[in-house]
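Letter by letter, the chains look like this.
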Amino acid sequence: MTRRVSVEVNGRPYEEEVEPRLLLSDFLRHRLGLTGTHVGCEHGVCGACTVQLDGEPIRSCLLLAVQADGRSLRTVEGLAPAGGALHPLQEAFHETHALQCGFCTPGFLLSAEAFLRERPDPTREEIREALAGNLCRCTGYKAIVEAVERAAGHFQRP
Amino acid sequence: MKPAPFLYDDPRELKEALALLGREGEDAKVLAGGQSLVPLLNFRLARPERLVDVNRVAGLAYLRRDGEALRIGALARHADLERSADVAAGWPLLSDAVRFVGHPQIRSRGTVCGSVAHADPAAELPVALAALDARFHVRSARGARTLGAEELFVSFLTTALEPDELLVEVEVPAPPVGAGSAFVEHARTHGDFALGGAAAVVAAGDVRLALLAAGPVPVRARAAERLAVEGAPAGEVAEEAVRGLELSGEDADWRRALLRELVRRALVTAAARAAS
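In order, the protein sequence lines correspond to chains R and F.
If you count the first sequence from 1, position 110 lands on 110 in my numbering, and the numbers rise without skipping.
For my numbering, count along the second sequence from 1 and bump the result up by 1000.
Just chain F, with the same shape it has in the complex (with noise of 0.2 angstroms):
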């Protein structure tokens, strides 16, 4: 249960970050937080040939407000997500999901962006910030691009990110004017993975729903959504968000039950938070 060797760099700043992953990145694994990658190296699941620390890496660590929109660095801890009140005020719906992610020990290191760029279909914040349509900002050294959720998250565990670059900041902007928000899930004992979760913003005239551990990735149910807004009852909503879904494996009768239910508790509690 130790990792096997591998060479190890940590640079100073980003510029020097992009040039090593620009140069190995085929054979390289960022390393953020640690806390699902470290897991891996221990396992020996994961032998990279060389790990690129980027917790040196200056002017990464922030989490702000910029005018309607708020800002995450790549090394913004979940923990101080979780004890942002700029977040708490703008944002709940974030406050709400980091609070399932892992367990304390696991948000004083984890990353934000790293739990994005690890795209583990059972995680919170990649479904939190798909349901706020969040923008990724992305960087090698080659430049810069901006993708939405449904560009990033490609498959269970794989994003678009090609092997030089960094994500380096997740961009939120505002939910819209007097909306309420709800952050559900269902897990055996609380801080294991989740086994099903939804995430709800509404708003007159706009709904949000994304679902967790739904599929390969965050799942936007755009025709949900729809009639959300049409003004259907939240069960009616729940089953249309669940019928289309692609469940495996002889639970998946139970996993869609599931999701239903949380999708419904979810919509019925942010509407009337919307309401209050």
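So that you can see chain R by itself, here it is in the shape it has in the complex (with noise of 0.2 angstroms):
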């Protein structure tokens, strides 16, 4: 028994026919080909699989595809302006080296891009405590809240 979903992603338009187990995360990555959206634990703890769901940071493990149906999303891949320019959260993150494997960078970017939409001028303890969603096995995270703090002062500027 399969289901229809269209949906939105980073500002495309997509329709599937699906099983309504499939997972959201599985559905991106299986299904349309964006692959940036890494799995890690499947069970919600780890932040790895972070998208944004009309724009609010969801964990797409624990999500159904069949529920994103006339929804809009967005992946790593539709971080980055068209034209070839970086996100500036993506810049910080490259000049403060907040990414080594760069396998939980993505879900990363997601949830600070949602943080900072919601608090554009934040304390480094208000930072540790909106990414504490997302885990980092390589970094230390020191790098990470740099990062962010280096792009909530670009998005500061006049």
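One should not assume that every hint holds.
Just the calculated beta-carbon pair ranges, DEER-fashion [claimed, not checked]:
1) F:VAL1229 with R:ARG117: 44 to 50 angstroms
2) R:GLU149 with F:GLY1178: 36 to 42 angstroms
3) R:PRO120 with F:ASP1253: 44 to 50 angstroms
4) F:ASP1253 with R:ARG117: 42 to 48 angstroms
5) F:ARG1273 with R:HIS30: 50 to 56 angstroms
6) R:GLU91 with F:THR1158: 47 to 53 angstroms
These stretches of chain F come out as covered by chain R in the derived footprint (C-beta under 8 angstroms, 3 or more residues) [to be verified]:
7) 1001-1011
8) 1041-1051
9) 1185-1192
Simulated from the structure, these hints should not be mistaken for lab results.
Bear in mind the structure is a predicted one, so any value in this text is a computation, not a measurement.
Every residue, glycine too, gets a C-beta built ideally from N, C-alpha and C.
From these two lone chains plus the hints, build me the complex, please.
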């Protein structure tokens, strides 16, 4: 038994027939070929699969693809503006060395992007708390927090 | 780490949802926020024959002040509670508690009613709602009923909800006039499952104290509450609050000590906020 799912991802419309049990993370990766969203734990603790649903950060391993029908999604592939430039967050992550293997990075970027929209001038503590749902095994987090601070500075520029 | 196959319904109207649960409830699970259910599905620890996804049911996504009470609909997300200025002003205990619920991604989707229906003893909102004497409105195709916390929370991950019933609203009365409140918890890392916690509401002549991860259900420490109203110091009240607790495991002593300290802190903070 399949269902039709119509979803907009990074501004592009997609339509697919899916089994109800197909997770959004697998839908994005296998059906749509958007492999920037990574799968870490598949039970909602690591944050590697974080995407944005109507602008809100969610764990895509905990959403069924069918639940996204009619909704708008943003994955890491949709972060950088067209034309080859990087998003300020991506630029900041690059500058502060906030990624090593890069596995957790898409999840962090989308969590951070949503957070900075809501809280453009955060303290370091607020950043740490906002990103607590994303785990990193490589960096020790310091550079990631610095990157988000740096990007916040960018957004603060008049 | 993928769910086993299931039948899937996403009704648009409450009547439809209740009729479905009436017919299929025994073999079905309700899907709301999914932040507790979907991990269980992914692990195949839960293998329901059918999921009834209530996310598209009209009229359930509300969070509003209704006279003196706060009404939280079935599809109100934790994030809605977190962002609500009404809640911060009128029910600050809930604003405090919801910040400890998981992480931002969890709070975007997870629902207050879902957390209640899931009834994890380490969950923050059931404890805060128990401290506020919340009323839980339940509907089924057979009718409607309303329960208090002590009736609703039966055991570890178990409520009094029948398979054909849906928790449609949590109604939270206003805290006592002039009350101060505090929610404290301890977990290994921020956002991790709580190892202990306490919700306190302190007003003249009215003290509420509910404990988190202190047993299979949220614990209202009634005897301790009476001591507090009589003016006993926080340490003594805390001692009473943890005395009768049935804590099992090698670390029971440590957990009792942890809870005692958290209760003490919650009382002191709540009392200070009441004074100001």
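Here is what the structure says about each hint:
no.: 1; hint: F:VAL1229 with R:ARG117: 44 to 50 angstroms; verdict: 46 angstroms, holds
no.: 2; hint: R:GLU149 with F:GLY1178: 36 to 42 angstroms; verdict: 40 angstroms, holds
no.: 3; hint: R:PRO120 with F:ASP1253: 44 to 50 angstroms; verdict: 47 angstroms, holds
no.: 4; hint: F:ASP1253 with R:ARG117: 42 to 48 angstroms; verdict: 46 angstroms, holds
no.: 5; hint: F:ARG1273 with R:HIS30: 50 to 56 angstroms; verdict: 51 angstroms, holds
no.: 6; hint: R:GLU91 with F:THR1158: 47 to 53 angstroms; verdict: 50 angstroms, holds
no.: 7; hint: 1001-1011; verdict: holds (count 9)
no.: 8; hint: 1041-1051; verdict: holds (count 4)
no.: 9; hint: 1185-1192; verdict: holds (count 3)
Hint compliance for this structure: no hint is broken.
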